[in-house]
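What follows is each chain in one-letter form.
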Amino acid sequence: MTNIESIKAFFSSELVLILGIFLLLFVAIRKRKNTQPSPGVLALITLLLSLFALVFTHFTDSVSLFSGMIALDPFGQFFKVIIISVAIVCVVMASRSKDIVTMPRPEFYAFLLFLTLSLNILCVANHLLTIYLAVEMSSLVSYMLTIFMTDDSRSEEAGLKYVLYGGVASGIMIFGMSLLYGLTGHLGLAEIRGVLEAGQADPLVLFLATIMIFAGLGYKMAIAPFHMWSPDVYEGAPMPVTAFLSVASKAGAFAITLRFFLVAFSSMAGNDIWVALGKIDWPFLIAALSALTMTVGNVIALHQKNIKRFLAYSSIAHAGYLLMGVAAVSRIGVEAIMFYFVIYLLMNLGAFFVATIIANQFQTENMEDYKGLVKQGSFGTFLAISMTIFLFSLTGIPPFAGFVAKWYIFQAVIDANLYWLAVVGVLNAGIALVYYVRLIKYMIIDEQASEMLVKNINSRYLSFVAVLAFFTLLFGLYFAPIANWVKASAYLLY
Amino acid sequence: MVENVNFFSDLINEPYLTLLIFLPLMGILILSFIPRHNHTLLKGLTLLIFAIEALISFKVYSLFQNTGMLSEFMVNIPWIKSWHIYYFLGIDGVSLLLIVLTTITMPLTLIGTWHAVQKNVKFYLICLLFLQTGIIGVFSALDLFLFYVFWEVMLIPMYFLIGVWGGENRIYASLKFFIYTMAGSVIMLVAILYLYFQAGQSFNLLELYNYHLSFTAQCLVFLALALAFAIKVPLFPFHTWLPDAHVQAPTAGSVILAGILLKMGTYGFFRFGIPLFPEAMIYFQDYLMIIAVIGIIYGALVAMVQPDMKKLIAYSSVSHMGVVMLGLFSLNITGMTGGLYQVFNHAISTGALFLLIGMLYDRTHTRQIKDYSGLAKLMPAYAICFIVVTLSSIGVPLTNGFVGEFLTLLGTFQVNPIMGILGTTGVVLGAVYMLWLVERIFFGPVKETKGTHKDLNAREIAVMVIIMIFIFWLGIFPKSFLTKIESSAEIILLTMDDERFLTTTEIVE
Chain Z
1 MTNIESIKAF FSSELVLILG IFLLLFVAIR KRKNTQPSPG VLALITLLLS LFALVFTHFT
61 DSVSLFSGMI ALDPFGQFFK VIIISVAIVC VVMASRSKDI VTMPRPEFYA FLLFLTLSLN
121 ILCVANHLLT IYLAVEMSSL VSYMLTIFMT DDSRSEEAGL KYVLYGGVAS GIMIFGMSLL
181 YGLTGHLGLA EIRGVLEAGQ ADPLVLFLAT IMIFAGLGYK MAIAPFHMWS PDVYEGAPMP
241 VTAFLSVASK AGAFAITLRF FLVAFSSMAG NDIWVALGKI DWPFLIAALS ALTMTVGNVI
301 ALHQKNIKRF LAYSSIAHAG YLLMGVAAVS RIGVEAIMFY FVIYLLMNLG AFFVATIIAN
361 QFQTENMEDY KGLVKQGSFG TFLAISMTIF LFSLTGIPPF AGFVAKWYIF QAVIDANLYW
421 LAVVGVLNAG IALVYYVRLI KYMIIDEQAS EMLVKNINSR YLSFVAVLAF FTLLFGLYFA
481 PIANWVKASA YLLY
Chain Y
495 MVENVNFFSD LINEPYLTLL IFLPLMGILI LSFIPRHNHT LLKGLTLLIF AIEALISFKV
555 YSLFQNTGML SEFMVNIPWI KSWHIYYFLG IDGVSLLLIV LTTITMPLTL IGTWHAVQKN
615 VKFYLICLLF LQTGIIGVFS ALDLFLFYVF WEVMLIPMYF LIGVWGGENR IYASLKFFIY
675 TMAGSVIMLV AILYLYFQAG QSFNLLELYN YHLSFTAQCL VFLALALAFA IKVPLFPFHT
735 WLPDAHVQAP TAGSVILAGI LLKMGTYGFF RFGIPLFPEA MIYFQDYLMI IAVIGIIYGA
795 LVAMVQPDMK KLIAYSSVSH MGVVMLGLFS LNITGMTGGL YQVFNHAIST GALFLLIGML
855 YDRTHTRQIK DYSGLAKLMP AYAICFIVVT LSSIGVPLTN GFVGEFLTLL GTFQVNPIMG
915 ILGTTGVVLG AVYMLWLVER IFFGPVKETK GTHKDLNARE IAVMVIIMIF IFWLGIFPKS
975 FLTKIESSAE IILLTMDDER FLTTTEIVE
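For the protein sequence lines, the chains are Z and Y, in the order given. All residue numbers for the first sequence refer to my numbering, where the first residue is 1 and numbers rise by one. All residue numbers for the second sequence refer to my numbering, where the first residue is 495 and numbers rise by one.
Heads up, some of the hints might be wrong.
Which chain Z residues stay away from chain Y? Per the calculated CB distances, all over 10 Å, these [stated by the list, open to error]:
{"id": "1", "residue": "52"}
{"id": "2", "residue": "164"}
{"id": "3", "residue": "174"}
{"id": "4", "residue": "266"}
{"id": "5", "residue": "451"}
Under the rule of at most 25 Å between Cα atoms (straight-line distance), these lysine to aspartate or glutamate pairs were calculated in the DMTMM-like manner [unchecked claim]:
{"id": "6", "chain 1": "Y", "residue 1": "613", "chain 2": "Z", "residue 2": "107"}
{"id": "7", "chain 1": "Y", "residue 1": "670", "chain 2": "Z", "residue 2": "447"}
{"id": "8", "chain 1": "Y", "residue 1": "613", "chain 2": "Z", "residue 2": "369"}
{"id": "9", "chain 1": "Y", "residue 1": "613", "chain 2": "Z", "residue 2": "157"}
{"id": "10", "chain 1": "Y", "residue 1": "575", "chain 2": "Z", "residue 2": "272"}
{"id": "11", "chain 1": "Y", "residue 1": "616", "chain 2": "Z", "residue 2": "451"}
{"id": "12", "chain 1": "Y", "residue 1": "670", "chain 2": "Z", "residue 2": "446"}
{"id": "13", "chain 1": "Y", "residue 1": "616", "chain 2": "Z", "residue 2": "446"}
{"id": "14", "chain 1": "Y", "residue 1": "613", "chain 2": "Z", "residue 2": "368"}
{"id": "15", "chain 1": "Z", "residue 1": "305", "chain 2": "Z", "residue 2": "152"}
{"id": "16", "chain 1": "Y", "residue 1": "537", "chain 2": "Y", "residue 2": "865"}
{"id": "17", "chain 1": "Y", "residue 1": "670", "chain 2": "Z", "residue 2": "368"}
{"id": "18", "chain 1": "Z", "residue 1": "98", "chain 2": "Z", "residue 2": "156"}
{"id": "19", "chain 1": "Z", "residue 1": "161", "chain 2": "Z", "residue 2": "107"}
{"id": "20", "chain 1": "Z", "residue 1": "305", "chain 2": "Z", "residue 2": "107"}
{"id": "21", "chain 1": "Z", "residue 1": "98", "chain 2": "Z", "residue 2": "152"}
{"id": "22", "chain 1": "Z", "residue 1": "371", "chain 2": "Y", "residue 2": "949"}
{"id": "23", "chain 1": "Y", "residue 1": "613", "chain 2": "Z", "residue 2": "446"}
{"id": "24", "chain 1": "Z", "residue 1": "375", "chain 2": "Y", "residue 2": "662"}
{"id": "25", "chain 1": "Z", "residue 1": "441", "chain 2": "Y", "residue 2": "662"}
{"id": "26", "chain 1": "Y", "residue 1": "670", "chain 2": "Z", "residue 2": "107"}
{"id": "27", "chain 1": "Y", "residue 1": "616", "chain 2": "Z", "residue 2": "447"}
Treat the hints as calculated values from the structure; they're not laboratory data. Note that beta-carbon positions come from the ideal geometry of N, C-alpha and C, so glycine has one too.
Kindly produce the complete structure, drawing on both the sequences and the hints.
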C-alpha cells in the first residue's frame, strides 16, 4: 500500500500520539498558567484516544503498509494495545510519584509518549530499516527518561551506563543487519526469507549476522548475557519509568524478536509450526539463552535488598521464561508469550505501584523497611495484601493469573519437546519462590520495622492498585476472554 | 441459551461437591466484613461453616452408591474451552471418606484449639477456610488442571499457618515446607503437561486412564509424579521438611498437616500413580516397598530418641505413613485396602495426639518429655484420653489401628514376606516408643512444673470423646468403611489391567 493510503487507513493511533507529543511540548515551552491543563491529564487523554483509535481500526486482511516498511496484522495490534495500556498505567503512576512530581517538567510526559510511539512502531516493523529506526528511537528516549532524577547520582550513573551499553549494542546490531543485507540483497523481512528459503546464503556469515542482530534485540529484552545494564538503569530511573521499561520495552522487544525470527528466519511447516531456515539452529540458541537468563536473574535476585533492583532481576528472570516461548517456534509459543504479557502487565505494574507508594510515604527503597507492613494501619494492610497477591502471581502460584501464564508457557515448551528446558524452567520457579516469599514474609510475618502508619493513600493510586490486584485474581480463575483474544491475535503478516 | 442450560444442569443435579468446595470461600467473604476484634463472632461463624460442611458431607455419604467407579456426584462443565480445561468433579469411596475425614477434622481442630490462637484471629480463620477449599478440591477434582490448581493453592494458607502462628523457628520451617512441596509440584506440572499432549490434548483423568503410554514414558512420568507425591507423603529421603513443619506449626496446623495434608500424597499415588502407569508401578514396586520399609523403621528409631513430644509424634508420622505406603505398594486388594484404611487411622490417632500435646502445651508451655512425670495423678482425664489414643496409634485390637495394620501386613506378606517381616518390626518399634513416652510422662513420681495442671475442661473432653468414638467405631465395625475402600481399590487394580494382582483374598472382618 502506498504512503497516503497507509496513513489514511491505518495510522490513526500513531497520529494521535504524535499530535499529543507536539501539544505537550507546546505546553512545556509556554509559561505556566492556572487555566492550562496539567500535562499528565493531557498525556492520559492522548493515550486513551490513541488506544481508542487502535481498537477501532478495522481491517480484514493482514497487509503491509508504507511499501513494506510496516506490517498491519493482529499480532502487531495486540502488542500495541499492551504498550499503550502500560503507558496509561505509568502516566497515572507518575502523576503522584515523588521521583517526578518534585521536579515538575511537562516534557517528561512528552518523552513517555514518544517512547510509546517508538515501541508501537517497533511492534509492527517489518523491514530492517524500520526495526533499526524504532530500536534507536526508543533507546534515545529511554536514556533521557532514565536520567530524569537529576539530583540523584544513581540516575546519572544509570544514564551513562545505558547510553554506552545501548550504543554498543545497536552498533553491533546494525553491523549484523548490514551483513544480512549483503548476504540477501534485501531489507524486508519477507524478502530475506525468500532468499534463505532458496538456500543461497553462506551459513557461517548468516550465523554471525544472526548473533549480531540478536545481541541488539537481546539488549532490548534485557536477557543474559546482555542484561548488565538493566539493574542499574532500573535502580537509577524514576519508578514509573522503571515500570514502563520493565513491561513495555520488553513487550516491544519480544514482539520484534518474534517477528524477526518467525518471518525472516523460518518457514511455515503446517499451520502452527515453523522450521528454522538457513542451516542454523537458532531455536536451540534461544533455548540455551533462555535457560541462562532465568537462572542468572533468579540467582542474583536472591541477594537483592533494593526493591527496584529486586524487581529488575525478577524481570530478567521473567524474560527468560518468555524466551522459552520463542524457543518453542510454534503458534502456541507465540500465544503463550502474548498471554504472558497481559498477565505480566497486571502483576508487575501492580508490584511497581505498591513500591512507588511505599517510596513516596517512607522515602525508602530498602526491602527491609517493608517489615510488618500489614500491621501499619488499614492502608498498610491493603498494600501488604495487594503486594502479596502480585508476588504470589509473579511466583506462579494459583489461584493467581501468573500461574496460568506460566502454565501456558510450559505447555508451549513441552509441545515443542524441549523437556530439558521445561525442567530448567520449573526448577527456576522453585528458586524464584524463595525471594518472592521473603518479601511476603517481611510484610506479613515479621514484626514492624517502624511504628509509622501508612498515611492516607491518594485515591487514584488506591483504585489502580485495587483494580490491578482484582484482575490478577480474576484472570487466575477465569481467563477465557484473554485466551480467546490471544488465540485470535497470534497471526503475523507472513 | 440452550448451551447455558446444559452448562448448569450438572451443577443443579449434583450440587454437593461444588457446595463443599465453595462454601468456605463464601465464608471468607462474610468473615472479611466482620471487625477483627470480635473474636467470638468470627470463630462462631467459622465453626458454623465447618458444621454445615460436615452436614453436607454426611448427606453425600448417605447418598453414596458405592459402585466403586469414579463417576459418583459427577459434574463436568467447560471452564476454559479453548484450553480443554473442565470443571470436572467426581468421587469414589476413597475420595468420599477423605472428604468426610476433612469435614470432621476441621471443626474438631477449631474447637480443640479454641483459645490457642490469640493474635490475628481473623486471618487465622481465613487460612483455615481457604485450606478446606483446597483440600476438598484436591479430593474431588478429576481434571488434571483443576487438580493442580487445588494442590498448589493449599501452599499459601499452610505457609501462613506455620509462618505466622508457629513456634520459635517458624520462618525456617515454613520456608522449608514451601520449597519442598513447591519443588515437587512444579515437576508434577511438567509431567501433567506431557500427559496432556500424549493423550491428545486432554486433562480428563477418565480419558487418561484409557490411554496407554509406552513403558519408558510411563517410567519417566511416574517418577516425576511420584516425586511430588513422595514429598507430600512423605516417603523416606524426602521427609526432612516434616519434623520441622510439625514442630513449628501451631497445634491446628500440625493436626491438619498430619490429619489431612499428608493424605494427599497417598491419594495422589492411589488416584494417579497406580492406575495411570501400571507397568512402571510394577517395575518400581520393589524399590518403593523398600523405601516405605526404610521409612517405617527409620521413623520409629528416630522417634524413640526425641526429647520433644511433638517431634516424637512427627517422626512417628513418618513411620506410620511408611505403613500406609507399604500397603498401597503391595498392589493387591488386601494390602491396598489396609493401607488406605490406615490413612484414616493415622489421621485420627496422630491428629488426636497433636491436639492433646497442644492442650498440654497451652497449660505448661513446654513440650520436653523430661519436664513431665506422674502426670496421670494431676490430670487423670487427660491421661485416659492420651492412653486410649496411644493404644489406637500402636494398633491394639479393638482400636482402629489394628484393622489397618493387620490388613496392610497381610497384603504385604502375600507379595514379599521379607518386607512384611521388616514392616512388622517397625510396628513393634512403634509400640515401644509410644508406650515409653506414656510411661515417662504419666507415671513415676509427680513432678510440678511451671504453668497450671488443670485437667481437661468440658470443651476439650467433648472433642476427645468424639475422637474416641471414632477410634472404637473404626476398630470394631470397620465393615462399612472397608467395603467402600475395597470397591474403589478393586476398580483401580482393574484399570491396571493385570489379572495377577487380583487375588481374591477375603477381607477379614
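What hints, given by number in increasing order, does this structure fail? 6, 9, 16, 20, 22 and 26
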